[in-house]
Amino acid sequence: MKTARLLVCFVLVCFILTTTILLDNNKGEAAMYNYGEALQKAIMFYEFQMSGKLPKWIRNNWRGDSGLNDGKDNKIDLTGGWYDAGDHVKFNLPMSYTATMLAWAVYEYKDAFVKSGQLQHILNQIEWVNDYFVKCHPEKYVYYYQVGDGGKDHAWWGPAEVMPMERPSYKVTKTNPGSTVVAETAAALAAGSIVIKQRNSKKARIYLKHAKELYDFAAETKSDAGYTAANGYYNSWSGFWDELSWAAVWLYLATGDKYYLSEAKKYVSNWPKIAGSNTIDYRWAHCWDDVHYGAALLLAKITDENTYKQIVEKHLDYWTIGYQGQRIKYTPKGLAWLDQWGSLRYATTTAFLAFVYSDWKGCPSSKKKVYRKFGEGQVNYALGSSGRSFVVGFGKNPPKRPHHRTAHGSWANSQSEPPYHRHILYGALVGGPGLDDSYSDDVGNYVNNEVACDYNAGFVGALAKMYLLYGGKPIPNFKAIEKPSNDEFFVEAGINASGSNFVEIKAIVYNQSGWPARVTNNLKFRYYINLSEIVSQGYKPSQISLNTNYNQGAKVSGPYVVDSKKHLYYILIDFSGTPIYPGGQDKYKKEVQFRIAAPQNARWDNSNDYSFKGLDKTGGGQVIKTKYIPLYDGKKLVWGIEPNTKNLTLRTSQIPANGDADKKSKTILSKNTSSAKTSSKQNKEVKNVVKVLYKNMEINKTSNSIRLYLKIINNSQETIDLSKVKIRYWYTADDGVMKQSAVCDWAQIGAVNVTFRFVRLRKAVAKADHYLEIGFTNNAGKIQPGKDSGDIQLRFNKSNWGNYDQSNDWSWVQSMTSYGENKKITLYIDGKLVWGQEPTKDT
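full-length UniProt numbering applies: residue 1 is where the sequence shown begins, and numbers increase by one.
Derived from the structure by calculation, the hints contain no laboratory data. We put the CB at the ideal spot given by N, CA and C, even for glycine. Treat the hints loosely; a few may be bogus.
[What the hints assert, rightly or not] Distance windows between CB atoms, simulated:
#1 Q310 / E166: 27 to 37 Å
#2 N486 / M816: 32 to 42 Å
#3 G499 / S416: 35 to 45 Å
#4 D586 / Q120: 38 to 48 Å
#5 K625 / M816: 32 to 42 Å
#6 K625 / Q198: 47 to 57 Å
#7 Q120 / K627: 39 to 49 Å
#8 K361 / D735: 41 to 51 Å
#9 G499 / G820: 44 to 54 Å
Let the hints inform the model, and build the full structure from the sequences given.
This is the structure we're talking about:
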């Protein structure tokens, strides 16, 4: 007996030691990264997406207040919430999905947020977004589901703080409903009420009240007929049944009321099915559009019923070991790859579901390890196991040029200016690689390199679990405080003309602000002059005359005395009332050409003028950056060096109310008129010098969307009116007359100015039975001689998202992944073919 006991003890000790060694080895293998830092930064990402009047707890210095007029078109305050992605529309469907997922992460893994010191930060975001949803719900059967127009928003590339476009708000009502977005918001508010209750019980009650009303609204209407403004961006492809279950199950968890549990169950039969069968779909992923996977998981945990467990396990098996011979695709380096759009978003969200299910006691023991290992592998891939990080500001070789307007910080409405990102978008998970692990860190690559609120949504929860498993230290008191990488405000100036008694200065004021970007309509600068020579000749400062040759909104006045003994004066050039902001070529800078003249017979030496320093090296309109022309925003000096004198207070009482009118010289007008006269003569030359450059953005032969970049080059000596231009992309539709749609994701000329028309050929020719005709509105403008249209980023797809076989398409060039001349894309001006070769029967 004693021997048997000793043997049992020995076996137990061996088992414990073996298990400990295995766990230690597993920990060493899987604990590849600082998961605490990754979690910290993934949450911080949402601070960069915040819209409205920013709170004091914000931890960066490059985001500012924005979208402060949201809702005013409908006389309602709709400020707040998050911008969706790299754009500035507030789409409430993915926003509310994201809010629900962040709350779910806290619900499951609160200890991770407490131990890492991130609970406060994630609850800040959960409150911020749910407060916005409350604003969006002013009445039981009224819900504002979107702020901003996708087309107008995507047509402009700049920081959120200076958005120039109108931002309409859209609502659903009982007679014009939108059950999907209303139910998803009910889920967000219900889940938010649970995790915020301990911190703010009053606010939790408010959230729950709105959640119940919104659920009733969605359940009564059961229609998305009024949800139209998001079409082309966030259509509800899966329908509203999954969101109704999802909202009901969160309401059950928030209230304990079994009514909501029965509501969640009764919609299950309507969940998305595998095409042609009654089997509930297990081959997609939990996401902003389809939440039945998460609903099933929560129902499984609540009820322990096989119906829901089987749904979850089929899904997780498909993503891991395979189900009935079918398994998701994997990249060579180990990413479970569902789709080219946001491949990492799907993988990391499924990892979160795998963690939650494997943690539950009802998960079969044989599958716990499989699901957990899968989750770890997908998170590690995102953090760098493939050789690079896909999280901005984290790990080895992270993305530096994500498709994000505010982080890029362009002042010129251009993806290429500046040629770098001015801000680090810490914690943002980019879309992810292609099926072959390929990835391009390119600001224009919106498929693989855009970021979005929903991309980080499941990722945060998965990181929380990894932190609980393997630890890692967040950076103490981490803040995204940056030093400006460029001068935000400055003046450039040069000599336009000069004579014995005058000098004419060309000056340009710049607003390239970015910490944060801001609009100012109160810029003014001082041009300091020394009038000692004038005074010595018996003339008075009051005899100095001023006029402008070219003026973009300034009032020119003076001279004003600074030091009468030293004969130091300044001319005030005041752009007050003229908005100058980093929003485009004609917005971020303003020019004035002003002449300072002494009496006709006077002799004036400008070399001792304070502001003339360095300008003697210019001429003929050339300008240089000069600090000797101080620039002020109101009374605050924002650029330059003032002369060493005490009397520099701006005395506004001395400034005349009206300045010179904005006018151009007769010479400039004459030149423009002369140029116009040559138009018809030179138009004949266009045929030989207009080119179409093409870049292929979808190299897979089989794809459910065709993506391409175009650029029109004008090497002629004449302006090209884009409204007269048509481009045709020739291809085979492969399945006949299926309805198709096209989108311009971004264009330097404005995405809203690009039009589309699908044409089916009466007789198919080799490699083409359709063409997509791309046109331009009158607002697209003109291409000047020697210039180009800039990027025009396009994609099109079938209404059922069926695949195209690009290998038999006339215009597709698989290898052309950088811009090149594609003569199989045709261009027409006034209906005449001026570039490219159309396909023929014998091609």
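Problem - Range hint 44 to 54 Å (beta carbons of G499 and G820) holds or violated - result: Holds, at about 52 Å.
Problem - Range hint 39 to 49 Å (beta carbons of Q120 and K627) holds or violated - result: holds (43 Å)
Exercise for the section: Hint says 27 to 37 Å; check whether the CB-CB distance for Q310 and E166 agrees. Expected result: With Cβ atoms ~50 Å apart, the hint is violated.
Exercise for the section: With 35 to 45 Å as the target window, see if G499 and S416 comply at their CB atoms. Expected result: holds (41 Å)
Exercise for the section: State, for the Cβ atoms of K361 and D735, whether the hinted interval 41 to 51 Å holds or is violated. Expected result: With a Cβ separation near 48 Å, K361 and D735 satisfy 41 to 51 Å, so the hint holds.
Exercise for the section: Given the hint of 47 to 57 Å, check if K625 and Q198 actually sit that far apart at their C-beta atoms. Expected result: Holds, since K625 and Q198 (Cβ atoms, about 55 Å apart) stay within the stated range.
Problem - Range agreement (Cβ of M816 with Cβ of N486, hint 32 to 42 Å) - result: holds (34 Å)
Practice task
Return holds or violated for the Cβ distance of K625 and M816 against the range 32 to 42 Å.
Solution key: The hint (32 to 42 Å, Cβ to Cβ) holds, given that K625 and M816 are roughly 40 Å apart.
Practice task
Starting from the range 38 to 48 Å, see whether the pair D586 and Q120 falls in it by beta-carbon distance.
Solution key: holds (44 Å)
In summary, the structure is inconsistent with hint 1 from the numbered list given earlier, while agreeing with all the others.
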